[in-house]
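**Student:** Chains G and W: place on chain H using the hints.
Residue numbers (numbering that gives the first Met the number 0), protein chains in the order written: chain H, 0 to 338; chain G, 0 to 343; chain W, 0 to 340.
One thing to keep in mind: the hints can contain errors.
[To be verified] Each computed EDC-like pair below joins lysine to aspartate or glutamate, with the alpha-carbon atoms no more than 16 Å apart:
| id | chain 1 | residue 1 | chain 2 | residue 2 |
| --- | --- | --- | --- | --- |
| 1 | W | Lys-271 | W | Glu-293 |
| 2 | G | Lys-267 | W | Glu-293 |
| 3 | G | Lys-267 | W | Asp-260 |
| 4 | H | Lys-55 | H | Asp-65 |
| 5 | G | Lys-267 | W | Asp-221 |
[Said to hold, decoys possible] With beta-carbon atoms standing in for the labels, derived distance ranges:
| id | chain 1 | residue 1 | chain 2 | residue 2 | range |
| --- | --- | --- | --- | --- | --- |
| 6 | W | Met-0 | G | Trp-298 | 42 to 50 Å |
| 7 | H | Phe-149 | G | Arg-111 | 29 to 37 Å |
| 8 | G | Asn-205 | W | Glu-306 | 37 to 45 Å |
No lab work stands behind these hints, which were simulated from the structure alone. We put the CB at the ideal spot given by N, CA and C, even for glycine.
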Amino acid sequence: MVTYIIRRLIWGVVMLAIVSMTTFAIFFLVPRLAGATSDSLAARYVGRTANAEQVKIAAERLGFNDPLIVQYGRFAKGIVVGADYNYGPGVERCPAPCLGYSFLTRLPVWPDLLTRLPVTISLALGAAVIWLIAGVATGVVSALRRGSFFDRASMSIALAGVSLPIFFTGIVSLVLFSYGRPFAITAPGGSFTPFFTNPVQWAYSLLLPWITLAFLYAAGYARLTRSGMLETMNEDYIRTARAKGLTERVVVFKHGLRGALTPILTIFGLDLGLLMGGAVLTESTFSLPGIGKYAIDAITSQDLPKVMGVVLVTAFFVVLANLVVDLLYAVVDPRVRLT
Amino acid sequence: MSESPEPLLSVQGLEKHFPITKGLIKRQVGAVKAVDGLSFDVVKGETLGLVGESGCGKTTTGRLITRLLEPTGGKVVFEGRDITHMSQGALRPLRRDMQMIFQDPYSSLNPRHTVGAIVGAPFRIQGVKTEHGTKKAVQDILELVGLNPEHYNRYPHEFSGGQRQRIGIARTLALKPKLIIADEPVSALDVSIQAQVVNLLEDLQNELDLTYVVIAHDLSVVRHISDRVAVMYLGKIVEIADRQALYEAPMHPYTTALLSAVPVPDVKRRTERERIRLQGDVPSPLNPPSACRFHTRCWKAQEICKTVEPPLAELATGHQVACHFPENAPKDAVPGDAGTAVPA
Amino acid sequence: MSFLELNDLRVHFPTDDGLVKSVDGLTFKLERGKTLGIVGESGSGKSVTSLAILGLHKGGRAMISGEIWLDGEELVSASAEHVRTLRGKKMAMIFQDPLSAMHPYYTVGAQIVEAYRIHHHVSKAVARKHAIDMLGRVGIPQPERRIDSYPHEFSGGMRQRAMIAMALSCDPELLIADEPTTALDVTVQAQILDLMRDLQQEFNSALIIITHDLGVVAELSDDILVMYGGKCIEYGTAEDIFERPEHPYTWGLLGSMPRLDRARTERLMPIKGTPPSLINVPSGCAFHPRCAFEGRTGGKANTQVPELLETEGGHLVRCHLPREERRAIWENEIKPNLESV
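Just chain H, same shape as in the assembly:
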């Protein structure tokens, strides 16, 4: 078990290294393919007032003339131990984990991400709770009443939920449910309030995004739960459970649902991991200052260091979620042995 975790952690680090290499390579190449030179890149750091000479010096100091490998090495070292940036006006210390400086704001990326993480986590966790409960419950009832009106109706809605993009459902919900609208369920103000500042306000501010995001996921989970339950309820051990004289409630929840939940757990872990990297559409639609919004802003302004930061943080959460899911698997299913 311990060796398993250690091995998985080592693999996780290797995975992150590969992701960082790939993204670095892409982001190193993209501007150059677009015609940028070391000088034009350095120009973004030194500001518009700098003359050509200063830019050249900055490019040299920032190492833009070095080979790709050397630049990546410096970038990776920055993440682990921090780095010093020296672009003309002065040396700036960028403490570990240093994901570089924004082209535009000239602020380090990492603290930026840190301030935005609570928003994304709040959004993801809250939505996750809603979609898990709603999706699994709908799926179970649909499976047990297969072919009924409820089954057909909920599966049609689920199909809609899977197919309709957030920027549609999000805007519809904003039009209908936000403050001042006919079916308002949110408080005035609307902007994000940290949980520790005011939990009620926190929930209020996030209710609409939660529901919108959860709708998308709940739909998928309902379908997944339904098919899982249909399969499990046909298992021999369900017949055994009934033959023992257990009540249908115990058969369904203790024996059936337990068997059907394992694949849901896997998907759940991965979905949650991905969402930690920002629910891009939801955050943009509801103007939430989370990581997704940060990424979109970075992409539109071509602020490469920010984009790379978001990619790496997302990769980190996905790798972590994978590990957690696999460990949980062994807890849920005693047949799984981690070796």
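**Tutor:** Okay, now just chains G and W, sitting in the frame of chain H:
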């Protein structure tokens, strides 16, 4: 059974050890000795039955002979050619001569292919041209195995279990193989259908001069179709003999116990039958008992069985057994000859 | 009235392709302490019958008619909730494949405890003690340790023992075993059959054993019922069925199986064709397309459904052939071939 100087198939000291790994760097700490030193010959035209309980390695043996798995030791010689470590490419022409029938007629046929495509696949893969085209050849084979040739364009799900097993057999026959390895060919079928397939296998053997290695757990089916029978226990052959000798005068206690355990449809004798009941289950091949692997369940076991492994010795003509205290052995026979015994 | 009586039981399933008549008019009786073997091939309706007795079709799509009397109580018309309280307590079942029939996520002990506590209001500790006791009685070594194992940590034989322990935990008066040894190795099968025989004597329960293996039936049964196409086609004592069978299908089954207790026959005598589809059951006698003696019935085989008639002393046969002719065929044409060369 004809004595030929060169057997069609010769297996010598065949081994398959699956590694067990542990720790951070997956260091090998042991091995599951699924097959641990098998030797036997199969001559042309005969049927060798391979029986044993789950975990005895009989299925692995079949896969080693057909080289679906690569042996970790020993030799497989087919028609005088050593195929033990032959590459898959070099094996391809040999696959025409050596075919396999599988247990499950449901999962071993591709549900999206027609019967014609399934049975005709070997022609395409091996690039064989036939006189009147592949379709005619396939229809001939379908007829041979007792299927309607007009069902050429149907899909596997349109057939019953027995018919599907016939399709599987037809596929193996397409290229007129010399050796067929049948792994539990009838155990998934209904009783009345089992008999049909057993008879079909026998008819085909006579008509096409086939050689069979039949792997099965059902001792009565094996007796019915085999000329010689090998009994396996935890990766080793414990007894190999002609059918009649093995079933009427088994020498190894395990064989005796197996035969005694088979329920017999004879109500008159059910109370008077003498039964030998083995205790417990087959031990795990992960950690098999020392020396004679059967000693933990054997009622004749003595100290020597735990320390000295009995070699497979020929105690009567064509009757080999690996036991220190064989039953039904001729008086002059020396079981487990001390000179050749392998200390554990 | 007998302990268990089935009266014209019918279990039909409506499907998109038509009505599947899985069980179509089944009648039999069984006393406490006796064993009935139900023999048939896949689709003969033998498993559906057992599930119907346990009331496991209730609430599903199945259409059930007829009567099932258990100890003076009629179960077909009884409420699903009432039958549930009998299930596991008064009647219990052992399934074929103990690996898939036990929940992989719960320990063996938890599953036995659960079965016991649903019918007995006792504490977990008491139920656990009972479970350990039961595991010991079915021959599982170190039951106080093995009770906390998961099903996959047991060998096949031990799992089936645990399954039996679970079924017997509430001391049922009727025990139904559906292919209890089919998934097991032959030496383990022998152990389990011995165990079932001993336990039945100890508990004096009525036992129904459902199987396709005539050898297994012969080992355990007092009476045997042969099913084909959802109907009983022959019923009698074990001696009747094995010594003087009268139905061509029973002959076919006996001719199909190679036997170790007799000299080897040169050829098996299979039944031609395949078991019938339960949607389009052949007209007349369901077996007639596969019957070697269909021509001797004077054309009745494919027009009239034969009745299940007594041939002598409780031996029932559903066949158009006249009794004398059946006996002659058995003595002269079938039996000599089974005796071997």
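**Student:** All hints are to be evaluated individually against the structure, with a verdict given for each.
**Tutor:** Hint check:
The hinted pair formed by Lys-271 of chain W and Glu-293 of chain W meets the criterion: a straight-line CA distance of about 12 Å does not exceed 16 Å. Between Lys-267 of chain G and Glu-293 of chain W, the direct Cα distance comes to roughly 31 Å. Violation of the 16 Å bound is thereby established for this hinted pair. For the hint pairing Lys-267 of chain G with Asp-260 of chain W, the CA-to-CA distance comes to about 12 Å; that is within 16 Å, so the pair holds. A threshold of 16 Å between alpha carbons decides the hint, and for Lys-55 of chain H with Asp-65 of chain H the separation of about 13 Å falls inside it, so the pair holds.
A threshold of 16 Å between alpha carbons decides the hint, and for Lys-267 of chain G with Asp-221 of chain W the separation of about 12 Å falls inside it, so the pair holds. For Met-0 of chain W paired with Trp-298 of chain G, a C-beta distance near 48 Å keeps the hint of 42 to 50 Å intact. Look at Phe-149 of chain H against Arg-111 of chain G: about 35 Å separates their beta carbons, and that is inside 29 to 37 Å. Remark: the range hint 37 to 45 Å for Asn-205 of chain G to Glu-306 of chain W is upheld by a beta-carbon distance near 44 Å.
In summary, the structure is inconsistent with hint 2 from the numbered list given earlier, while agreeing with all the others.
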